[in-house]
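Participant: Model the placement of chain E on the given structure of chain C, informed by the hints.
In the order they appear, the protein sequences are chains C and E. Sequential numbering of the first sequence, starting at 40, is according to my numbering. Sequential numbering of the second sequence, starting at 377, is according to my numbering.
If you're looking for bench data, these hints aren't it; they were derived computationally from the structure. Treat the numbers as computed from the prediction; the structure is a model and nothing was measured. Just so it is clear, CB atoms sit at the ideal spot from N, CA and C, and this is done for glycine as well. Careful, some of the hints might be misleading.
[Unchecked claim] Some chain C residues well away from chain E (every beta-carbon gap over 10 Å; in silico):
hint, residue
1, 97
2, 115
3, 124
4, 125
5, 126
6, 127
7, 137
8, 198
9, 199
10, 249
11, 256
12, 259
13, 282
[What the hints assert, rightly or not] Below 30 Å or equal to it, Euclidean Cα-Cα: the simulated DSSO-like pairs (lysine-lysine) are:
hint, chain 1, residue 1, chain 2, residue 2
14, C, 327, C, 219
15, C, 293, C, 105
16, C, 293, E, 556
17, C, 293, E, 642
18, C, 105, C, 121
19, C, 105, E, 561
20, C, 327, E, 642
21, C, 121, C, 293
22, C, 219, C, 165
23, E, 642, C, 219
24, C, 105, E, 556
25, C, 219, C, 166
26, E, 561, C, 293
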Amino acid sequence: MATQTLTRPALRGTSATQLRQPRKKMTAGRAAVLAVAAILAVLWLIPFAWATVTAFKSETDAAAPKVSWIPPSGFTADAFVKVFQDGNIPLWTWNSLYTSAAITVITLAISALVAYALSRIDFRGKKVLMTVIIASIIIPPPVLIIPLFYQMVALHMIDTSWAIILPQVIHPAMVFVLKKFFDQIPPELEEAAVMDGASRMRIFTQIILPLSRPILAAVAIFVFISAWNNFLWPFISTNDGSILTLPVGLQTIKSAYGIQYAQNMASALLAALPLILVFLFFQRQIIKGVATTGLAGT
Amino acid sequence: MSSLATSESAEQAPSLPGQSRRNPSRCIQAKKSPFSTAQSSPRRTRDNLNGWGFAAPFLAFFLVFLVWPLLYGLYMSLTGKSLTGANDSLIGLANYAEALADADMWHSLGNTLYFTVISTVPLVLVALVMAALVNVGLPAQWLWRLSYFAPYLLASTVVSLFFSWMYNPQLGLINDSLAKIGLPKVAWLNDPNVAMWAIVIATLWWTVGFNFLLYLAAMQNVPAQHYEAASLDGAGAWRQFFSITLPQLTPTTVMIVLLQILASLKIFDQVYQMTAGGPAGSTRPVVQYIFETGFTGYRLGYSAAISYIFFGLIVAVSVMQFLIARRRSA
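One chain only, chain C, in its complex shape (with noise of 0.2 Å):
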């Protein structure tokens, strides 16, 4: 239900580029396209396919050397107990969920500060914070993990969700994309409540927050799937398995499940499931999100 609702503004999309291109010309076009479209979606959808009819069998048919769709001793959710009671799935996934939500809270709290004072205030060294911000967007995060694992070391903070949190806060780029939109937000709006002496941080978060929400939201979902999905300095900064986050986790797997096929894909699709099903739901904000913060750089 609420995703027919979504998806109705994509197909009025649709509607209008149909009439740039006649109906009648194009049914054998059409139908060419759609074959193609269909061959590419089915080989896009196979990993997933595969990791789930491997996940449902018993490990001795995962194993077989005879590859089979249907295995021969049926469907079994044996792999997913087996997950579950091991725990650490359920674990990781809080790890992750927590880390990338803190992850995203602050990052919008003092991008949207810094970027509305960018956008609004005339101070002192306005235009070398500016330039330094913008250019600090070409640093490779790779290229910091050495001195950064050094830092982690000096503040004691290896092995805690902090490490994991802390240094992930930074995006040049998102606070641009903010600034940006607050750039196109119309003076006037603050004007009324200047004359009555409001403060800034009251325009702020009274007048330009609140206009801001779709571009809040945008930010948010690209900061979200960048932490949840963040491998090498979540990988490096900790060691505990109890604070691991999903990706990392997983990583460990492979070698304590080692050759258990079946118990490898239904952990691997028990830690794709959140977000998957986040995107079913909210499909529309997050494809507009990424097309919106995506060519900001990543």
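Facilitator: Frame of chain C; chain E shown alone:
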């Protein structure tokens, strides 16, 4: 002449006080707009305080977790620092000299560049094809978007588990399918000549959806009038795609290619998880070499030096991107 000059100055003289009286008032009126630069010093002080106050939280994180490690890393690269704390003294550019003579460093840098080249082409082309197909106006838009974009939402480890399993030489789905159509089996992740391509295929499946979305968004912004005019002139769908859609997409394509190059240069996760850089170092990217010299070899200083060589490469590509983007907008 002289009389004229005096009369002018005489005329100016009385008007001066009036002007100077009127000017400040005008000035104040012009500055009354709440957002223009205030000249009055309390206002300016308040703006300075507000500006830096709003910037402060971001700046604090920025300085501690970005600027400081960046500078400290540069310092480390000039020392013999190791995780065992053996030699902390400055050794000048010795690390850089060693890196430039290090065959393993060049090999890993070569692998990164090779991956960047062979992954960028399909990641842009396939994304363009997918977007063009969906943009024709197929039914069930959500289905296509979901199938092409969903893998982008997965963590690298999930992708690596999926593909390691499908690439399995004996039990894998891919070799089984090849055998069924009479093709020889391939040792996907175990053959030095094939492993990098196997990584590219997995990466294509994983991240092409992102470029697909950027292309689709750009295509939907092409004004419909262009197509209407072209159909009136009798241009078919192919013709319209090549002479309208593609040229209109040029700025998007330039951005996607450059972003993709920058993303591909940072390759690490999938390789580390699927092949650990093997077989025989044939897939080990430079980021993995940085990681290994630092955390397995414990040579932090040397590792930092390689990081900065890699950084130099990224900066060079970014500057190129900036110059191209500026020339386009000019």
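Participant: If a hint holds in the structure, say so; if it doesn't, say that too.
Facilitator: How the hints compare with the structure:
1. Distance check on residue 97 of chain C: its Cβ is at least 14 Å (rounded) from any Cβ of chain E, clearing the 10 Å threshold; non-interface status holds.
2. The beta carbon of residue 115 of chain C is kept farther than 10 Å from every beta carbon of chain E, the shortest such distance being approximately 18 Å.
3. The Cβ of residue 124 of chain C sits about 19 Å from the closest Cβ of chain E, beyond the 10 Å cut-off, so the non-interface label holds.
4. The non-interface label for residue 125 of chain C is consistent with chain E: the shortest C-beta to C-beta separation is roughly 16 Å, beyond 10 Å.
5. The Cβ of residue 126 of chain C lies farther than 10 Å from every Cβ of chain E, with a closest approach of about 18 Å, so its non-interface assignment holds.
6. The Cβ of residue 127 of chain C lies farther than 10 Å from every Cβ of chain E, with a closest approach of about 13 Å, so its non-interface assignment holds.
7. Listed as outside the interface, residue 137 of chain C is consistent with that label: its C-beta sits roughly 16 Å from the nearest C-beta of chain E, beyond the 10 Å cut-off.
8. Under the 10 Å C-beta cut-off, the non-interface status given to residue 198 of chain C relative to chain E holds; the minimum distance is some 14 Å.
9. The beta carbon of residue 199 of chain C sits about 15 Å from the closest Cβ of chain E, which is more than 10 Å, so the claim that it is off the interface holds.
10. Taking the minimum C-beta to C-beta distance to chain E, about 18 Å, the non-interface status of residue 249 of chain C holds against the 10 Å cut.
11. Chain E leaves residue 256 of chain C outside its interface by the beta-carbon criterion, the shortest separation being 16 Å against a cut-off of 10 Å.
12. Separation of residue 259 of chain C from chain E is adequate, the least Cβ-Cβ distance of about 15 Å exceeding the 10 Å criterion.
13. Listed as outside the interface, residue 282 of chain C is consistent with that label: its C-beta sits roughly 16 Å from the nearest C-beta of chain E, beyond the 10 Å cut-off.
14. For the hint pairing residue 327 of chain C with residue 219 of chain C, the CA-to-CA distance comes to about 17 Å; that is within 30 Å, so the pair holds.
15. As the CA atoms of residue 293 of chain C and residue 105 of chain C are separated by approximately 23 Å, the hinted pair is consistent with the 30 Å bound.
16. Using a Cα cut-off of 30 Å, the hinted pair residue 293 of chain C and residue 556 of chain E holds, with the two alpha carbons roughly 29 Å apart.
17. At most 30 Å may separate the alpha-carbon atoms for a hinted pair to count; residue 293 of chain C and residue 642 of chain E meet this at roughly 23 Å.
18. Straight-line distance between C-alpha atoms of residue 105 of chain C and residue 121 of chain C comes to about 24 Å, which keeps the hinted pair within the 30 Å bound.
19. Under the criterion of a C-alpha separation no larger than 30 Å, the hint pairing residue 105 of chain C with residue 561 of chain E is consistent with the structure, at around 14 Å.
20. With a C-alpha separation of about 26 Å, the suggested pairing of residue 327 of chain C with residue 642 of chain E holds against the 30 Å cut-off.
21. Restraint check: the Cα-Cα separation between residue 121 of chain C and residue 293 of chain C comes to about 15 Å, which is no more than 30 Å; the hinted pair holds.
22. Pair hint residue 219 of chain C plus residue 165 of chain C holds up; C-alpha atoms about 15 Å apart against a cutoff of 30 Å.
23. Between residue 642 of chain E and residue 219 of chain C the CA atoms are separated by roughly 27 Å; this keeps the pair inside 30 Å, and the hint holds.
24. Under the criterion of a C-alpha separation no larger than 30 Å, the hint pairing residue 105 of chain C with residue 556 of chain E is consistent with the structure, at around 12 Å.
25. Restraint check for residue 219 of chain C and residue 166 of chain C: satisfied, since their Cα atoms lie roughly 15 Å apart, inside the 30 Å limit.
26. The suggested pairing of residue 561 of chain E with residue 293 of chain C holds, with an alpha-carbon distance near 24 Å, which does not exceed 30 Å.
In summary, this structure violates none of the numbered hints.
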